[in-house]
Each structure stands twice: as structure tokens, then as C-alpha cells.
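I would like the entire structure built from these sequences, with the hints used as guidance.
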Amino acid sequence: MTVFTCRDSLEAMLTCIYDAWYSRLGHDNVRLEIEPIEQLNMFDTYVHVEADERKAMAVADAVNMKISPAFYGEIVYCLGAYERDVLDTVYRVLVLGFKHGAGVLDAYGYEAVSRFKAIRIRYGREASSFLEFVRFNLVEGVYVAHFEPKSRVLLTVAEHFADRMPSEHWMIIDDVHREAAVHPCNEQYYIRKLSAEEYDRLKATEDYDDSFTELWKVYFKEIAIKERENYRCQLTHFSKWKRKHVTEFA
Numbered sequence: 002m003t004v005f006t007c008r009d010s011l012e013a014m015l016t017c018i019y020d021a022w023y024s025r026l027g028h029d030n031v032r033l034e035i036e037p038i039e040q041l042n043m044f045d046t047y048v049h050v051e052a053d054e055r056k057a058m059a060v061a062d063a064v065n066m067k068i069s070p071a072f073y074g075e076i077v078y079c080l081g082a083y084e085r086d087v088l089d090t091v092y093r094v095l096v097l098g099f100k101h102g103a104g105v106l107d108a109y110g111y112e113a114v115s116r117f118k119a120i121r122i123r124y125g126r127e128a129s130s131f132l133e134f135v136r137f138n139l140v141e142g143v144y145v146a147h148f149e150p151k152s153r154v155l156l157t158v159a160e161h162f163a164d165r166m167p168s169e170h171w172m173i174i175d176d177v178h179r180e181a182a183v184h185p186c187n188e189q190y191y192i193r194k195l196s197a198e199e200y201d202r203l204k205a206t207e208d209y210d211d212s213f214t215e216l217w218k219v220y221f222k223e224i225a226i227k228e229r230e231n232y233r234c235q236l237t238h239f240s241k242w243k244r245k246h247v248t249e250f251a
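If you read the sequence shown in this note's numbering, its first letter stands for residue 2, the second for the next number, and so on.
Mixed in with the good hints, there may be bad ones.
Here are the in silico distance ranges between beta carbons for each label pair [said to hold, decoys possible]:
hint	residue 1	residue 2	range
1	Tyr-111	Tyr-232	36 to 42 Å
2	Lys-67	Asp-208	47 to 53 Å
3	Ala-108	Val-219	49 to 55 Å
4	Val-183	Glu-133	18 to 24 Å
5	Asp-208	Ile-38	35 to 41 Å
6	Arg-165	Gly-125	14 to 20 Å
7	Ser-240	Met-2	31 to 37 Å
8	Arg-8	Lys-204	21 to 27 Å
9	Ser-69	Ile-38	30 to 36 Å
10	Trp-242	His-49	26 to 32 Å
11	Glu-84	Leu-216	38 to 44 Å
12	Glu-84	Tyr-191	25 to 31 Å
13	Asn-30	Tyr-111	16 to 22 Å
Hint data in this document are derived by calculation from the structure and do not stem from the laboratory. C-beta atoms are modelled at their ideal positions from N, C-alpha and C, and glycine is treated no differently.
Following this line, the structure appears as C-alpha cells:
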């Protein structure tokens, strides 16, 4: 078995798909994994793949034109998930997609499609929870929020707030993947990969407390109905690992 490996950026993963496909080794003889590799198999051959914009665009164009733009959108969202097998799962789904068309995503009889859907659902749930619980601080005229997702949901979260806060300067920082969505007032937002220096500087913004921070904490506490508190139910809807940067739980 030949294992193609790459870093966890979208461009690198699409490049990995390209190289595995055009290796001509046969789909059953290749596997795709995201680095770092947790456990090496001495009987496998490992091939590291570097990101290549041309190859990544070739995959994107092929999926958009030969299957459908909606299918490509589903692929991109799924590749943002944290599951270790997501890249290989997407590869298997693409093999089916080029053979059967976009409708294959409804064919749950295929193991790859079933797994793809499960990953996609978990990604959507994680993104949805952060849409509700991202909290901003006002720092020198810019609304700044931090969060720590398992999956790369920053793009989905940024799209949500770009629609709801189009006339504000804001920044949402993914502390796990060291990326930031930057939105200038009345302009299009963009995603920026943060250097170590930039990340350290932005990390300090969490020490700022604007005039509404304490007010919000008091409001959250006072509206609670003590007789109806259900901590276990809270954890079901909003797990502990998601709460680190949420004002009312700080």
C-alpha cells in the first residue's frame, strides 16, 4: 500500500488527492492521510506531498465541472473536519462521484458515502454551536473573538458574522489552527494564517474587558432560574471544551 501524506491545509489536501489519483497505482492500492502520521506501518510506502496551487486548482475545477459546484462545496466543508480518516474518505467519495455523478451523495449503501455524511454532520454541528457562542470583546474599535474548534470551522463562522455584522471591524481568531478571519468595515472578510509573532500579539487581546463584559456576566447569572438548572443537559448542548473563550463561562 502506498500512503500519500500532506499537511492539513485545503490546498495541500487537494494536491494530495491529485498526486494519488495520477500516480496510476490504482485506487485500491493507495491511502491518503493527514500529517502527522500517528502510527507508521513498516509494510507501507509513505509519500509526502507538498501543496501545489496548480494541482489543487485542477482538482477543484474538475469536481466543479464534471460533477457539480454543490458537490465541491460539500467536499470542501468535509475536508475541514478533524477526523483522521477524512482525507481518504473524501478521496473514495470523489472516485464514486466521477463515476456516478453528484447523486452518489445520497447512496448510503456505499461505506465511503455513509462515513462522509457522518463526518459532514459532525462538522456542521460543531460550526453551528460556535455560531451561537462566539463572544466578542471591543479592542481599540475592533470586535475581537477567540475560539478553539476541533475542525476548521472558521470559514463557516466568518460567513455567518459577515452577513450579520457587515458594517463593523471585527476579527475572529482560531487559536487551534492559528488562523484569523479579518473583516474591515463594509468590506469582504479574508482568512489569514498567523505567524507566531502575530498570534502572540493577538492572544493578548483576551485580557481586554470592555464595558459590557461584567454586565453580560451579571445578566447571564440573574436571568437563570435556579430551580430549572440542569448541568448535564447544558453539557449535552454545549460541551466543556467549547466554553474556554465564552464570556459567561469564564
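Each hint, compared with the structure:
For Tyr-111 and Tyr-232, the hinted distance range of 36 to 42 Å is satisfied, since their beta carbons lie about 41 Å from each other. Between Lys-67 and Asp-208 the beta carbons are some 51 Å apart, a value that agrees with the proposed interval 47 to 53 Å. Look at Ala-108 against Val-219: about 53 Å separates their beta carbons, and that is inside 49 to 55 Å. Judged by the Cβ atoms, the range 18 to 24 Å given for Val-183 and Glu-133 holds: they are separated by roughly 22 Å.
For the pair Asp-208 and Ile-38, the beta carbons lie near 37 Å from each other, so the given range of 35 to 41 Å is met. Our hint of 14 to 20 Å for Arg-165 and Gly-125 holds, since their Cβ atoms are close to 19 Å apart. A hinted range of 31 to 37 Å for the beta carbons of Ser-240 and Met-2 is consistent with their spacing of about 36 Å. Here the CB-CB span from Arg-8 to Lys-204 is close to 23 Å, well matched to the stated 21 to 27 Å.
For Ser-69 and Ile-38, the hinted distance range of 30 to 36 Å is satisfied, since their beta carbons lie about 33 Å from each other. Roughly 31 Å separates the CB atoms of Trp-242 and His-49, a value that falls within the hinted 26 to 32 Å. Range check, Glu-84 to Leu-216: Cβ separation about 39 Å, and the 38 to 44 Å hint holds. Between Glu-84 and Tyr-191 the beta carbons are some 27 Å apart, a value that agrees with the proposed interval 25 to 31 Å.
A C-beta distance of roughly 19 Å is found between Asn-30 and Tyr-111, which places it inside the suggested range of 16 to 22 Å.
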